[in-house]
Structures are given as C-alpha cells and as structure tokens.
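Student: If you want the building blocks of each chain, they are given just below.
There are 2 protein chains.
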Amino acid sequence: MLSDIEISRSTPLRPIADVATAVGLHADEIQTHGQHKAKVSLKALKRLENKKTGKLVVVTAITPTPLGEGKTVTAIGLAQGLFKVGQSVMACIRQPSMGPVFGVKGGAAGGGYSQVAPMEELNLHLTGDIHAVTAAHNLASAAIDARIYHEQRNGYDDFEARSGLTALRIDPQSIVWKRVIDHNDRALRKINVGLNDEGKTINGYEREDGFDISAASELMAVLALASDLQDLRRRIGSIVIGYNLDGKAVTTEDLGVAGAMTVSMREAIEPTMMQTLEGIPTLIHAGPFANIAHGNSSIIADNIATKLADYTVTEGGFGSDMGFEKACNIKAQASGKAPDCAVVVATLRGLKANSGLYNLKPGQPIPDSMFDKDSAALEAGFANLKWHIENVVKYGVPAVVAINRFPQDSEEELAKLKQMVEALPYSVEVAVCEAFAQGGAGAAELASKVVAQCQTPAQFKPLYQMSQTLEEKIMAVTEVGYGAASVTLSDKAKAQLAQFKSLGFDNLAICMAKTPMSISTDGNIKGAPTQFDLPIRELKLCAGAGFIYALCGNVMTMPGLPDKPAFMNLDIDEDGNITGLS
Amino acid sequence: MLSDIEISRSTPLRPIADVATAVGLHADEIQTHGQHKAKVSLKALKRLENKKTGKLVVVTAITPTPLGEGKTVTAIGLAQGLFKVGQSVMACIRQPSMGPVFGVKGGAAGGGYSQVAPMEELNLHLTGDIHAVTAAHNLASAAIDARIYHEQRNGYDDFEARSGLTALRIDPQSIVWKRVIDHNDRALRKINVGLNDEGKTINGYEREDGFDISAASELMAVLALASDLQDLRRRIGSIVIGYNLDGKAVTTEDLGVAGAMTVSMREAIEPTMMQTLEGIPTLIHAGPFANIAHGNSSIIADNIATKLADYTVTEGGFGSDMGFEKACNIKAQASGKAPDCAVVVATLRGLKANSGLYNLKPGQPIPDSMFDKDSAALEAGFANLKWHIENVVKYGVPAVVAINRFPQDSEEELAKLKQMVEALPYSVEVAVCEAFAQGGAGAAELASKVVAQCQTPAQFKPLYQMSQTLEEKIMAVTEVGYGAASVTLSDKAKAQLAQFKSLGFDNLAICMAKTPMSISTDGNIKGAPTQFDLPIRELKLCAGAGFIYALCGNVMTMPGLPDKPAFMNLDIDEDGNITGLS
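Chains F and U supply the protein sequences, listed in that same order.
Residue numbering for the first sequence follows our numbering, starting at 2 and increasing by one per position.
Residue numbering for the second sequence follows our numbering, starting at 2 and increasing by one per position.
Do not rely on the hints blindly, as some may be mistaken.
Same chains, same label: a pair holds when it works inside one copy or across any pair of copies.
[As the list claims (entries may be wrong)] As a list, the in silico DSBU-like pairs of lysine-lysine whose alpha-carbon atoms are at most 35 Å apart:
| hint | residue 1 | residue 2 |
| --- | --- | --- |
| 1 | Lys495 | Lys462 |
| 2 | Lys502 | Lys541 |
| 3 | Lys201 | Lys565 |
| 4 | Lys52 | Lys417 |
| 5 | Lys419 | Lys395 |
| 6 | Lys395 | Lys52 |
| 7 | Lys52 | Lys565 |
| 8 | Lys502 | Lys419 |
| 9 | Lys565 | Lys502 |
| 10 | Lys201 | Lys362 |
| 11 | Lys362 | Lys395 |
| 12 | Lys417 | Lys462 |
| 13 | Lys495 | Lys338 |
| 14 | Lys201 | Lys495 |
| 15 | Lys495 | Lys395 |
The hints are simulated quantities; they were obtained by calculation from the structure and are not laboratory data.
If we strip away everything but chain F, and leave its shape as in the complex, we get:
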C-alpha cells in the first residue's frame, strides 16, 4: 500500500470553491486561499438560520493506547461512508498543531484512503488560525508586563497622571496567563522574564513565567466555544489574567486589550473548508486540548455544517471520558446542539493493550504476539470498551462501535468482538470499519448503522445543569460520569473553589484535566477501574472559555522534542515539493 502522502498527492482534488458551492454555500460566503482551502464566512450562518439542522455524529474511542486507535481515520472514513450510502455529509475536525508535526508524531490528517487533503497544507500553517490565536494570546502577555512596568516605574499616581488611566495594581505573583508558542519547546516551560542589565530597569519587572503550546491557550477553547464574533469579543473580554493587590480579578478588558485580541482573531473565527480524498467538504477549526480544555472542534463549524448537510461527523479528543464527556457537558450545553449519535472506535490491539496484560511504550515496536489470537487479553480489554459504550449511553446518546480493522487482525477475533458488543443489554450497533485501506467503501456498513441509530428519538441529557454549584458539577462528572468512589480536593483546590464562588464564577462548567490513559487519574490502571478515589490538586479559572478546569495530576502543556525529532526528515526536493512528511 502507498504511504499517506503518496495517496494524498496521487488523488485528484476538486477546486475548493466547487466543493463549497456544491454543499450549498454562496460564492460570496467563501474566501478561497489557493485551490484547496477556503475560509467560510459567518454570513452563511445568518442566511441558513431557519434551515433544518442536520444530525451531529461525534466520534470517540476506547481509552487511548500508544498504538493509536485511528479515530481521525474513522471519522473521515465515516463521513466518506455516509456519502457512499447516499447521505449529504460534512466533517468537522480540529486544526493540527505544528509542534507535533515537527516533533514526534507527524501530521494529523487521518490516513490511508481516509484523509483530509492536501495533508501538507492541513498540517502546516493552514490559513493561519493558530498563528492568530498565538498572536492574540501573546499580545495580552505583552500588555500585562508592560502595564506592570509602567505602573511601577514611578508609582501608581505618576502612572495615572501620565496616562489618564486607572492603575490596575496587578499582583505580579498572581498572574495565571502564560505565553504560548506553536512548538514543542521544553526550554520555554519555565522561564524568567523581564531580566535587566545590572542597575537598570528598562526591561520591566522580573518574574517567573513560561510558554504553553498554543493549542493549550484558553483562547483556543474560546475560539472553539464562541457562537459568533460578538460572542468571541465578549468571551475574550472575560478572560481573567490574574488578580490585583486586593485579590480582585483582572481581565483582558481591564487591560484594554480585549478588542485588539479580537481584531487579531477576526479571520480565525471563520472555519477553513478543505476536502477529504473522496471530496467530502470538511471544516477545520480550532484545536483545544482535551484535558485542560474541552477537546472538540468549534461550535461555529458544527453550526455551519449541520445547516448545510444532513449528517455532520466530528470527533472528540482521547476516550469518551475526555473529549466526548466534554462534548456533552461543556460544548453541547454552550451550543444547544446535542450529539445525535456517538461512534466508539476500538481496535483489537487497543483492547488487548487495555487488558493490562501488555506493557507498551510510545515509540517502541508493537510485539507480534499482540496480533496472535489472545482471547484472554481481548476479553479483559473488552471491559474498557464496555465502559465507554455505557458512558455514551449514560448521556442518552445512541452508540455505534466502529472496529477499526488493521491488516493483521484475524476474522475470528473480529467476529468475537462483534458478538461481545451485540450481546450487551442495550441498543448498541457494531461494524467493522476498513476506512484506512478502502476509504468510504470500507465504512459503508458503519455509516448505515450510524444512520439507523440517528433515527432514535432524542433523549440527550448532560450530567449537570450550568445552574448547579461547582461542587455539584464536579461530583456529577467524577462520581456519576467516571464512577469514582470518592473525590478528594486538596486544600488548595478547596480554597480556590471558595475564591471562584466568591468572585461570582459558580455558573461555569467543570472541565476535568486528567490523564487520558485511564478512566481514573492513574494512567497505569487500565480497563474499567472502579472503587478509585479521584484527587483534584488544583483548579484553574478559564472565565472566557466558560469553565473551570480541575487538575488531577500532571498535564503537560508544553511537549518537548525527542533525541531525533521528526523535523530531521523534512526537506524540500529539487522541484520544491515537501519530502519526509507523514
């Protein structure tokens, strides 16, 4: 079989303007960026306001393993499959960060015959949205340090007299707004800024700071959750960057920088349309983390797609305890649009890995024995899939299991896994999916089952209402959602809970920032853990995004580069084509 990039390059694509108009956009609602990308204007949303809303299918997965379950491949393949079975369809995915492209894993366009194309344009710069988010974020950072510097250099009174502004009196120790960059750069995780030459103060106030990767910016979550440009403006202005000397929250609005940040992101708010290898229109928009943020593509993209197509396929990050939980409790409550069906992606090898009987490390070769028949491992690992199916059902969302088939998989084990799913006592469907090798044709059965499940009358219910207290929301996600036996808040987290309530943030959602490698907070506990305690170490306020995230362990928000990074393979050839991108 050809490599991903060979397949991508050898597949003829339609002009994106044709793809866009074919799906019902007007010529003046798109701005093409070259032949294969187009920004979609939010004017389209306005025009289509009263049109019927299509079905929203969220692709999720079992607990991830170092092997990769092929969630994006399945999502793109399913979209192509829905088209094959006669449906009008669009896909909505997140924009890949450039950090991993140059770092370890390469691109994130799907794979095989289920890719978004051209993959080099998807993976590199795209239409500049991440750069715009980065620019807006760091503008706020520059504004913070400049304000502190100017307020302090001759005292608050002098500052007020000079500038005509009211001193904000920011406590430099209280700043929670770090800087961001779209690279894997571990040296920037923890830095000191504002250093001066001896005896001078011209570079400002020295303090500890650090860079997160841009996808971890609160602005990325804001972009993904905003409903339109005015809502983006309002959310940006609500961002709390730190506190003043009286403990009062200081916002970007207070800094006078919220308008300029919005200006910087005014084109980023428009999703970018591309196409799959089979010509399915795909919106690429936003790319929030699925731990410290909600891990789903944007509400705006979904809203456009569900007005244009009868079926919209999107995906949530990590397993159903992460991206899907947040798609329901955070995203759907913000958008008012519930998922009509969830697809749970599983693989034979992923389930075996979830049995706890194999010890797998990222980057190491997969042991051959994993592809041998191993009923014990498959049955043990099935507990994890069962958990994720039940988790989806818990929200009242009809489920379809997609078994993403790999070439080494045996018919016998595939049949066994299907039977195990079919034997479950709820109305879950299951299909083997060969979207990688066969494109949409390999996902036709999956597509038909998704269409069938989407006819189930809606009975969506999130685990909490926004009007509940923060404690109630935490309990709903952890005990009801994850099945934790207990929740332990650190003293710090308790104090923060009280602080956030007193500052009026009781109405925000709760976003669980935990490891995706287990349903519990201990990545070593595979399968379907029960009777575990869930410790919450710290809370972080994201008032612009509209949630408070609960940190349950170390979450890495700035990856590093390995010994031999992926960038070493990248180059251009004599004809100017990119080589070494996978």
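Use these hints to put chain U onto chain F, whose structure you have.
Tutor: Chain U only, in chain F's frame:
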C-alpha cells in the same frame, strides 16, 4: 480630509485576480487569498526569464525625524503618478510588523490617497509570511535547546549510541540565535530559559536568552535576499547559530533543521500582491530591519515586478545612509539588478528638524513655529538633503528630490527649497509631491522627472566588491560612504574580525547597524556631520543572509509598549468591522 482608513474603505478595489492578470500574470501563477490578496508563484519568474527587465526606482529620504517624512506615501504616490503619466508600473514594499500596529505608530500602508489597500489586511497577518518566518526561526531555537539537553543528559557517548547522531557539543554560552516574536514585548528582551523545578532537569539546560521582534530575525533578511526556493534552502542551511566547544561554527544544517525551516517558509517565499487605492499592483514581501539588516523589500518581488512592469518603485528603510546604501552594496550585489533612479524624500519640516535648531521628541506635538517661515533653519537643514543627494550620486544612481508637501507648507519656502536643489552642481531633479492629498495626480510631476532620470545611461557602482576583505568593506562604507574621518574597532570587534576571517567568512558583505537619526553614529548630531570617528563595538555574523553586521551603538531589536499602547483603540464594531486602526 477623511482619515486614512475612511479613504481606504470608501475606495472601490478591483478583484486582485484581475489586477494580477492585467499586469501579465497567468491565472495559474497566482493563489488568491480572499478578494484582495494573492500569492504570486515563482513559476512566473521562470516564465518571464527572458523578458526585458524594467527600471527599478528606489525611494529613500533625508535623515529621519520624529515627524515622519512620508517615504511610503511618496513611494505609493509615485507608482500611481507613473501610471498617470502613461507608464506600466508596480510597487514593492516591505510587510509591516504587527508589533508597531499594536504598539505605537499604527499601520504602515502609506496614507491619504496613496495607500495600499485594504490597510487592515496589510497590517494584520497579511498572508502569514511573518508568522512563517517566526515559526521557522523558533523551530531552530527549540532544536538548539533540545539538542543540548539530549546531548548532555547522559553524556555525548550515550546520546550518540541512542540516536545514531554525532554529538554537536554546542557551547551553550556561544549561542547567538535568539528567539523571535512579532510583538513589542520588552519583558522578553532578556530572559532565562530551561529553568527546572528543584532537583529536576526535565526542562533542559538553563541559560540566558531573549526574544527579538520577528522582523529582526536573520531569516527575514534571508527571505528578502534569496533568489528562489533552492537559494532560500541553501541560505537557511548556512545560518550559524553558535559554536561548538572547539570554536567551530554550528549551523542549522548541523542541527538537521534547515530543511524543516525551509518547509515552514515555502509559502512565505511567494510575494503577496495587493493594490494601491488607484489600482497599481503592489508586491508585499519580507520586512528586514534597516540597521541590523539591509532594510529593503525582497529581491524576488523586485525580480517579478521588473519583468512585469516597465517601472518598479520600491523603498529602502530610513535615510540614504541606511536602506539605500544597503540597497546598493548588499541587495544590488546579491541580485545583480542596480537601481536606475533614486528618489530622495524631503519635507520642509524635516529639514528644519535636521537643522538642529529644534528639539523634537517622538509623540510630542510639532511646535507651530516649525511651519512659520524660517530661512535659517531651512538653510541649515538643507545640508542634510545635500548630503543624501550626494550620497546617491556617489553610487552612480540618478537622483530626484521629492518634496513631500504638507498642508501648512508655504509656497515661498517650497520654491526656495526647489531653488536650492536646482542650484546644486549635478544633474539632480526636484519636484513637489502632493501624493497624500491628491494620490497619483499629485505625483505626476515627480513621476515625469523620474522617467527622465531613468533614461540616464547606467553607471552604477557599489562602494566595494564582495571579493575585498572585511576591513576594506568596512572602510568603504564608513569612510567613503559616510565620510567618517576615522573608524575605531573595539578589541572585541577586532577579535571577531579575525575569527570570522579564520572561519572563512571574509567574502560576506558588511551591514552597518547604527542609529538612523544621524549620518554619524551619534543620533544627536544632525545635518551633515564631518570629521567624526565611527566606533564599531561588535560584529555579528549572518552567514545565511550573507553579511556581517557592525554594531555601532545600541540597536533596539525588541521595542516596548508605551503607557497607553495603540491596541487600546482597537476593537470591532457591531458589524464586525475593525475600529481604531490608523
């Protein structure tokens, strides 16, 4: 009169694809980015190779003052004027940095009826080139710190065994490659990176670093000087980021990151076409500083424009001692295309400011007395204009003085200034230019004189040949070029000169990094200083750009934000339009 943005918004623009094809580009040589921007493919260069090359007009100016002389307005106005007098014409300008847009001075699109439009698209993100330069630059930074970390964490032998790579043994104290960001952010001027929590080393090797503004990246100069993608690749691979423990230069090629950096910049190498308010096709490309770099738009943009149009108007940064000197000694020697005419922009108030009789500060109101008749100041300041005219003539480039007229200027003083220029003993032309208020019609006389001067047979001569020694090149620029009585190299500079020679860099150009506010290195010395010593403090190697810059004092490569930054005015209105941009 309307404000710049009001004029810009009220002027109907043609679809950029029409502008591009009207000037002779084929449809498959452009990639439109929305209605008003298009990337121009380097395929066009290839196709037009054997076509006659048009005239290149470089707009320069007297020594800058805090008032602004209107060099971009004159350049855009002249391009429009050339069209009015029946010529085929294009303009080439640098891409404005976003730092100043959010910081102090606002946008950089020209002004009045001589602007590039839409100005908000020019000033914000454009087609992402600066972001691509920033990304490529910081990828190298991440590569440096990651490599040091991995080589040091278990020693060089272990690194080599693990990775199969040869240890570079970079001396962390020797790193000359800082990080960059497109913001005015003084807190990032000097930072410590790679800090770790106590007892840990997972974030790498702690060292002092800092951020420059992206326009100060060597990559920006590389982009502006590259002739095509392969030359870009070669130049990027030649960049010296520091030295190993034996004092040998370490390049981005050694780090294995040069290919990936080129990949990141592969769209940035294509100039962006926009148009002036009167529809003149304008290429926007690169934006190197005019002190630590050569301060001119790109060779690629010039090469495309001079093949498409009979006249191409471009501009060099600051006065003729800066951008124009470098246009001749660095850019023209790299491109092989000499300027056919230089336009020296002067204003009555600028000359008075150059008399030394006024004490002006940036941001303070202009004293009314400057607009009164003041023969003494005008005559004293004229020495500066005379110097710049003579400087242009020194390179064998025909000169035209453009007196950029302001509303308060008196006819009497304008006439007097014209007479003073006309009385000079060489064939310089002079015209009053009203491009700001009248667009191209206000620059028609200037345009006619430029056309006339461009008929002068070519007699261009740079001040040095690349084959000369570094010392000879320094002497040529300082003593012959600036008229310095002497040059004093610091001990450090002397040692660096010997080092760079021993490393084989004697063949590079010399780029003077001095204040633009005086022809000397003392910004307080106005007019046309003579008998001054020119001290060189330090040399910096830019092997990718192809020059060594000589630092003659403090050059600020990371601006700060003022008390009340420009971003405070920026916002979106109810209709999503940008407000407060000027």
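Student: The structure should be examined with respect to each hint, and the outcome stated for every one.
Tutor: Cross-check of the supplied hints:
In the homo-oligomer, the alpha carbons of Lys495 and Lys462 lie at most 35 Å apart inside one protomer (28 Å), although the nearest pairing across protomers, at 75 Å, exceeds that limit. Only within a single protomer do Lys502 and Lys541 lie at most 35 Å apart by alpha-carbon distance; the minimum there is 13 Å, versus 55 Å between protomers. Only between protomers do Lys201 and Lys565 lie at most 35 Å apart by alpha-carbon distance; the minimum there is 22 Å, versus 41 Å within a single protomer. Proximity of Lys52 and Lys417 under a CA criterion of 35 Å is satisfied in neither setting, with 43 Å inside one chain copy and 71 Å between copies.
In this assembly of identical chains, the alpha carbons of Lys419 and Lys395 lie at most 35 Å apart only when taken from the same copy (21 Å versus 85 Å across copies). With identical chains, the CA atoms of Lys395 and Lys52 are at most 35 Å apart within one copy only, with a shortest distance of 30 Å there and 71 Å across copies. Neither within a single protomer nor between protomers do Lys52 and Lys565 lie at most 35 Å apart by alpha-carbon distance, with minima of 51 Å and 46 Å respectively. Taking identical chains as interchangeable, the C-alpha atoms of Lys502 and Lys419 are never at most 35 Å apart, the minima being 48 Å within one chain and 72 Å between chains.
When the C-alpha separation of Lys565 and Lys502 is checked against a cutoff of 35 Å, the pair qualifies only between copies, where the shortest distance is 33 Å, while the shortest distance within a copy is 47 Å. In this assembly of identical chains, Lys201 and Lys362 lie within 35 Å of each other by CA distance solely across copies; the values are 22 Å between and 50 Å within a copy. Taking the closest pair of Cα atoms, Lys362 and Lys395 come within 35 Å of each other only inside a single copy of the chain (32 Å); across copies the shortest separation is 68 Å, beyond that limit. In the homo-oligomer, the alpha carbons of Lys417 and Lys462 lie at most 35 Å apart inside one protomer (32 Å), although the nearest pairing across protomers, at 82 Å, exceeds that limit.
Only within a single protomer do Lys495 and Lys338 lie at most 35 Å apart by alpha-carbon distance; the minimum there is 33 Å, versus 70 Å between protomers. Proximity of Lys201 and Lys495 under a CA criterion of 35 Å is satisfied inter-copy only: 28 Å between copies versus 41 Å inside one chain copy. In this homomeric assembly, Lys495 and Lys395 come within 35 Å of each other (Cα to Cα) only inside a single copy, at 29 Å, whereas the closest approach across copies is 75 Å.
Hints 4, 7, 8 from the list above are not met by this structure, while the remaining hints are.
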